[in-house]
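Enquirer: For reference, the chains in residue letters:
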Amino acid sequence: MSQGANQQEAQAGVQSSQPWNDPDAVPFIRFEKVTKKFGEFYAVDDVSLDIYRHELFALLGGSGCGKTTLLRMLAGFEEPSAGKIFIDGVDMAGVPPYERPTNMMFQSYALFPHMSVETNVAFGLHQDGYSKSEIKDRVADMLALVQMSKFAKRKPHQLSGGQRQRVALARSLVKQPKVLLLDEPLGALDKKLREQTQFELVNIQEKLGTTFVMVTHDQEEAMTMASRIAVMNDGVIKQIGTPFELYEYPNSRFTANFLGQVNLVEGTLIDDDEKYAIIRSDDIGGDIYIDHAVQGHEGTTLWVALRPERLRLCTEKPDDSGHNCFAGKVEEIGYLGGLSTYHVRLESGMRIKVSEPNTHRHNEPRYTWEDKVWVTWETGSASVLNQ
Amino acid sequence: MSEIKPTLKQRFDRWMIRHGRVLVIGLPYLWLFLFFLVPFLIVLKISFATAEYAQPPYSALFQWVDEGVNVAINFGNYLFLLSDSLYITAYLNSIRIAAISTVITLLIGYPMAYGIARAKGSTRNLLLMLVILPFWTSFLIRVYAWIGILDREGLINAALMGMHIISEPLIMRQTEFAVYIGIVYTYLPFMILPLYSTLEKMDGSLLEAALDLGCKPWKAFLKITLPLSMPGVLAGSLLVFIPAVGEFVIPELLGGPNTLMIGRTLWNEFFSNRDWPIASSVAIAMLIFLVVPIMYFQHIQGKTEEAGK
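Read top to bottom, the protein sequences are chains A and B.
Sequential numbering of the first sequence, starting at 0, is according to numbering that gives the first Met the number 0.
Sequential numbering of the second sequence, starting at 0, is according to numbering that gives the first Met the number 0.
Please note: incorrect hints may appear among the correct ones.
Unchecked claim - Restricting the straight-line Cα-Cα distance to at most 30 Å, the calculated cross-link-like pairs of lysine-lysine (DSBU-like) are: (1) B:Lys218 x A:Lys135; (2) B:Lys8 x A:Lys154; (3) A:Lys177 x B:Lys119; (4) B:Lys218 x A:Lys177; (5) B:Lys302 x A:Lys36; (6) A:Lys135 x B:Lys215; (7) A:Lys149 x B:Lys119; (8) A:Lys352 x A:Lys190; (9) B:Lys302 x A:Lys83; (10) A:Lys352 x A:Lys371; (11) B:Lys44 x A:Lys135; (12) A:Lys152 x B:Lys200; (13) A:Lys191 x B:Lys302; (14) B:Lys8 x A:Lys36; (15) B:Lys119 x B:Lys44; (16) B:Lys8 x A:Lys328; (17) B:Lys119 x A:Lys152; (18) B:Lys222 x B:Lys119; (19) B:Lys222 x A:Lys177; (20) A:Lys206 x A:Lys135; (21) B:Lys215 x B:Lys200; (22) A:Lys154 x B:Lys44; (23) B:Lys4 x A:Lys154; (24) B:Lys119 x A:Lys36; (25) A:Lys83 x B:Lys218; (26) A:Lys152 x B:Lys302; (27) A:Lys131 x B:Lys119; (28) B:Lys200 x A:Lys131; (29) B:Lys4 x A:Lys152.
Read the hints as simulated data drawn from the structure, not as lab findings.
No experiment lies behind these values; they were computed from the predicted model shown.
Take the sequences, apply the hints, and build the full model.
Expert: Now the structure itself:
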């Protein structure tokens, strides 16, 4: 999980401009109070969202959260029941898909089965009446970009899943759309290929500078690829932010839970002085010390989000401040190679998840079942949630 | 070590597992052999015989003469088919009428199949039901009903004359027009059903992809839907064309004396002329005519199935 955060930090150096933080920046795509109803069901409920030029923006959420509907409204396959959508300043109301400056890469790829790879890619250009030689050149360039030149004469059914994905990408990029829409672009690929393709897609996006809007249910995919992510649930956007912001500063239990692993501890704010905010929790059986300001007054119910990799296990009670230190027993161990996860049953009865990187080749695991351990974390590691 | 003896049921089950396939495939093949291939061979045999005033009314092909077999094959019937323009005209006429009917059926059936495939769940089932519904009454009765509609004193003429749109009844029955109506009406479901099944299977995202790439809806239909529904078009067309070529009842009841089709010629040879060998050779020649498109169809279907994988 830290991979996403690291990448973000690395990107922060290169990508100096963050238009979403610039109040003068003009959004490239704008959803203005967009609602989409299917019968009595609100697929998208009063969503406002700005996406900027050259972004790789991800709509992230579980099935039925409205992310695909949002994308289809951008493509023109659905019209909003209320609200407006602007692309590059132009109101898209009533503009049919074939006149929009968008192209879509479909989840099923939707390659035309009766046409060769070449003809599939050339299809969009033919519609716009380019000359034969220009079509030929642009198709060849695009196939070279996705490394499919060798397969130009093949039919889709003669290709593997990964190859089809590349053809679909080439077909949707060849018209140089202002916005490329990707519906679960890597959903049909196996894990290894998916990871490899993620970076290829990002490279292509950086090379072409096209604005990408991607729909995915895979949080890892969103975090690896996107400049910003909108986390959606039940037709509304729960939070928008960079992968780093979402992971480190979730604004709700939903986001905290959706991105990565988290232990959520319910408690009451009992003291908020200059040094620490103290949250008393029956769940964890003690007080939690937080070294940053917390929203709310004394007596407010809050949730403390503890990421498993920010927690530490020790066999002896650490003798520093004594803050945030709870005793328990190892109940379950999951060995994942690079890291191990431990489920620790605290004395309060709460089960807490801790993960530790396996940085050395130990002969034996550090802890085993029924070991008595202390779970501890630094006062700055936890984030506090109001909802 | 003593072996456990399988019970009778176990033995039966094992036998079924080993030989069940042969049994399942074998029965229909036996059926086809007895009721299709054997009669066909008999007809083939008769087509090489000579007509005689006897019982049966044709000469024997094989004769036992002095401990040897005397084979008398008569190609004359086939040569006769070629020499008499009646037969060639009848064949060509049948093919022409069947082809035109097929095209009309396709033009009417395609939009219907498309509409049904695009309809929502319950409406779709209702529409399919309506297409199949006419099969629940006898074919003959439905053709007779058309006599009642197209006749000189039929429904259409009565209505038009009642409304004073025409003063003289239109001659519709006993024309080629009536034959077209009959064939198109009768065979329309055979066109709609295969077309529906290919159109219904079509991935809707393909059309969306075409629109997305800048294709207008009517062009997307021509470039995507139509080519992808070709197996259905072909299947439907053959299902209409092949039986229409040999159609007897419709031209007999709705067509005029001038509507010359091969089915009627065949009937006349058998029942009016009692020339079984000629009738048989007419039948065999028609079969050969029709086997070619069937084989072509099978070939194409095999190819598309392979491509669909």
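Enquirer: Is the hinted pair B:Lys302 and A:Lys36 satisfied, with a Cα-Cα distance of at most 30 Å?
Expert: Since the Cα atoms of B:Lys302 and A:Lys36 sit roughly 44 Å apart, the hinted pair is violated (cutoff 30 Å).
Enquirer: Is the hinted pair A:Lys149 and B:Lys119 satisfied, with a Cα-Cα distance of at most 30 Å?
Expert: violated, 43 Å
Enquirer: Need the status of pair A:Lys135, B:Lys215: alpha-carbon distance at most 30 Å?
Expert: holds, 22 Å
Enquirer: Regarding the pair B:Lys4 and A:Lys152, is the alpha-carbon distance no greater than 30 Å?
Expert: violated, 61 Å
Enquirer: Would the hint linking B:Lys215 and B:Lys200 be met if the CA-CA limit is 30 Å?
Expert: holds, 22 Å
Enquirer: Under the criterion that the straight-line Cα-Cα distance not exceed 30 Å, is the pair B:Lys222, B:Lys119 satisfied?
Expert: holds, 24 Å
Enquirer: Between B:Lys222 and A:Lys177, does the CA-CA distance stay at or below 30 Å?
Expert: holds, 25 Å
Enquirer: Assess, step by step, whether the Cα of A:Lys191 is no farther than 30 Å from the Cα of B:Lys302, and give holds or violated.
Expert: This hinted pair is violated, its Cα atoms lying about 34 Å apart.
Enquirer: Measure nothing beyond the straight line between the CA atoms of B:Lys119 and A:Lys152; if it is 30 Å or shorter, mark the hint as holding.
Expert: Outside the cut-off at roughly 38 Å; violated.
Enquirer: Does A:Lys131 lie within 30 Å of B:Lys200 when you go C-alpha to C-alpha?
Expert: violated, 33 Å
Enquirer: For the pair supplied as a hint, A:Lys152 and B:Lys302, is the alpha-carbon distance within the 30 Å limit?
Expert: holds, 18 Å
Enquirer: Between B:Lys4 and A:Lys154, does the CA-CA distance stay at or below 30 Å?
Expert: Violated, because 56 Å separates the two Cα atoms, which is more than 30 Å.
Hints 2, 3, 5, 7, 9, 11, 13, 14, 15, 16, 17, 22, 23, 27, 28, 29 from the list above are not met by this structure, while the remaining hints are.
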